[in-house]
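A.B. asks: Each chain, letter by letter, is given below.
Number of protein chains: 2
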Amino acid sequence: MDMYLSEPRDLYRGRAAAIIKPANAAEVANVLALCHAQGVAVVPQGGNTGLVGGQTPDESERQIVLSLQMLDRVREVDPDSNAMTLEAGVTLARAQDIAESVDRYFPLSLASEGSCSIGGNLATNAGGVHVLAYGAARDLVLGLEVALADGRLLSTLGKLRKDNTGYNLTQLFVGSEGTLGVITAATLKLFPRPRSRAVAFLGLDDPAQALALLNFVKEHAGPGLQAFEILPRLGLELVLRHIPGARDPLGAIHPWYALVEIAGFSDGEAERVASATLAQALDAGKARDATLAHSLNQAAALWRLRESMSEAQKREGGSIKHDISVPIDRIPEFIDEAGRRLAARFPQARPVPFGHMGDGNLHYNVSQPVGADKTAFLAQWDEMNAIVHGLVAEFDGSISAEHGIGRLKRDLLARVKNPVALDVMRALKQALDPKGVLNPGKLL
Amino acid sequence: MDMYLSEPRDLYRGRAAAIIKPANAAEVANVLALCHAQGVAVVPQGGNTGLVGGQTPDESERQIVLSLQMLDRVREVDPDSNAMTLEAGVTLARAQDIAESVDRYFPLSLASEGSCSIGGNLATNAGGVHVLAYGAARDLVLGLEVALADGRLLSTLGKLRKDNTGYNLTQLFVGSEGTLGVITAATLKLFPRPRSRAVAFLGLDDPAQALALLNFVKEHAGPGLQAFEILPRLGLELVLRHIPGARDPLGAIHPWYALVEIAGFSDGEAERVASATLAQALDAGKARDATLAHSLNQAAALWRLRESMSEAQKREGGSIKHDISVPIDRIPEFIDEAGRRLAARFPQARPVPFGHMGDGNLHYNVSQPVGADKTAFLAQWDEMNAIVHGLVAEFDGSISAEHGIGRLKRDLLARVKNPVALDVMRALKQALDPKGVLNPGKLL
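Protein chains in written order, with my numbering: chain G, 1 to 444; chain F, 1001 to 1444.
Next comes chain G alone, as it looks inside the complex:
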């Protein structure tokens, strides 16, 4: 049972009365009906890749884990309607492949895509690298099949693009972390496949210039802009130090960097738009320097610089992490002020804020001082969190931009969330799961 009771960060290790693996939605519904009648708590679990403990049972040995892994049928793929209906246990990577097999594109893309599953992606409203252009998991779903707490099966499945016949039940379940119902299948949107992609790496003065560049590129590349990521010089240095084969793509040293990806839908469009936009951006003083990848290998090498950030930070020693968002225009101010406040209390700690600038989402990770003791540094986790999350509140930001609440941030949420919003959430929970059998102890 162990693989169902532990989770990726080893923060939690649960015990369970049983691991139940239904083969289809009707069996899921039957399990819930029985658990509801008996008052047995159910912890739904997809690919078990969540980072906040939402999929792990508690230590009582009285909860059951309901694994959706066996629900892995492809119910329908319809390229003409640009929609596919998949069961919850289909992995994200397989969903991407299914789209590609009918010459379509499914844009959700995450580090764990080989093992995370569609049901979990939707239950947690997963994000990833293409939110800027296509939205999060929430924006990619047309309908759901959901087993309710009492064992009834609700379906909003279907390929309709427009349907104004009542409350949007689909969006209520997306992001509810298994506390309102168990997603058993979903109808997902498909998109045209881009014909070309251009990837650029730019040297910048500071986050304020990154903001100006972001809006410049949005205006000139329009909806072709696929990703806009930033990292500071220290981040690039850590990657160059720890990741074999990593090379600085720009000759000179710059305080900040941006990685920009642009897609095109007619031949050569991506390169044409990207090179014209970058040339104008340099002329207009929106960047210090820029390089455009001229091959798929070069593009992959640029992406690797960004994607190696977490690994490079890990090899550098301890790091204290925050998954936060603020309004995009306040990112520069946030980075300045967070740095100031941390420096006042932890003068030797090294902030390495990086990530999805285009979504206002930073991985505000702080590396330990050079030569410091890792354990002693990590012991400051809560205190550092309090400083960063306090600033997030002042900036009307979010303490969980993409990873969710689960067990890890449940108590924090109760302290920082608008009390009326919390009340309404509790009223909805009471309406849909009055006996509290669905994932108790998570989120609320």
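In case anyone wonders, no lab produced these hints; they're calculated from the structure.
Glycine residues also receive a C-beta, built at the ideal position from the N, C-alpha and C atoms.
Just so you know, not all the hints are guaranteed correct.
Derived Cβ-Cβ restraints for the label pairs, each shown as a range [claimed, not checked]:
#1 A18/G <-> D1423/F: 39 to 45 Å
#2 G1039/F <-> R73/G: 47 to 53 Å
#3 G39/G <-> W1381/F: 49 to 55 Å
Given the coordinates of chain G, work out where chain F should sit on it, guided by the hints.
C.D. replies: For chain F alone, coordinates are given in the frame of chain G:
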């Protein structure tokens, strides 16, 4: 009081104990708190342009109309974050102008945009001509301020693009037609302004060719595709007959037509993509003929052909209307089968199905037989509705794609909606408005 008690189609005429016009959100909340305490029913009303009677009180003279017109402040416009926060009574046309004043684009666009208001647009999840590219009102909102039934004020306002901290309360209120809360303000998304637009008019064999063309253009124009509308030859003939100045833009007669709009974000891009895509589409047999507008005047003339459809049908005599959607790939089959079934029962009636092919949304309107008596024809409304809506159910479609339910389709909804979905909707209504003071008799 009369202007608040009648509605555009003159289907309903209500009476009211009072018309209340609060000046701000706190006053709205106070009104609701009082009404909640006294058990007085409240009918929220925006620009009073809805087509299903959702904004009209009943005939009892015991309900009050709560007009949001005086809540018309612009709270914030932030082009850097691509967001604006407007109060509910701001008209849609003003919202578009506000966006333009900061060099941004707000894509929601409707016939009634001069008088309809943002609060009403969101309460009814309004659609319009750009849903294909930007989604409906639901997809354009980042957060809401809502007065709850008991007078508490809930805020999810804010400019965050990513926030995974609990249930999506915003989407629950969008499209709930004032039955779960009263929207007092909204944070809306802004978009880059397209630099160029290309509009084309194509002659087609049939709806099946329109479907093939739609997917061809999606693949070649990508997210630049802004609109894809269809109309049959009879529709164009009615426009040419009744609308002064209308001209057939193609030399020969074609059984069907498509209007396609493509936007570009770099100089000349729209024309380049449109002309290349159309040339390839003609080569590949996806259309019989095509013309591309070469001036803003020509583009406007092409759009006028499509936008005059309702007016032309009105001048031709009686027409029986349906606002339906089906999965996009089934549009051709639906048009065939609906035509067959109607012909069997009403051999002389003339279906003129037209509209938002790109969204799977048809205005399936049926014109009276040539020379028939209008009143006698319109007396068949319910019987014809039953045939068309019966087919919609067989096609897993929607009986209200964009106009909502209100009072007009409330009984119909109770018959055709999935019973579990109806139960869940009732549970949500009970949780948020247990005393039933918000817009009773509408939707549910």
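A.B. asks: Among the hints numbered above, which are violated by the structure, and what are their numbers in rising order?
C.D. replies: Per hint list: single violation, 1.
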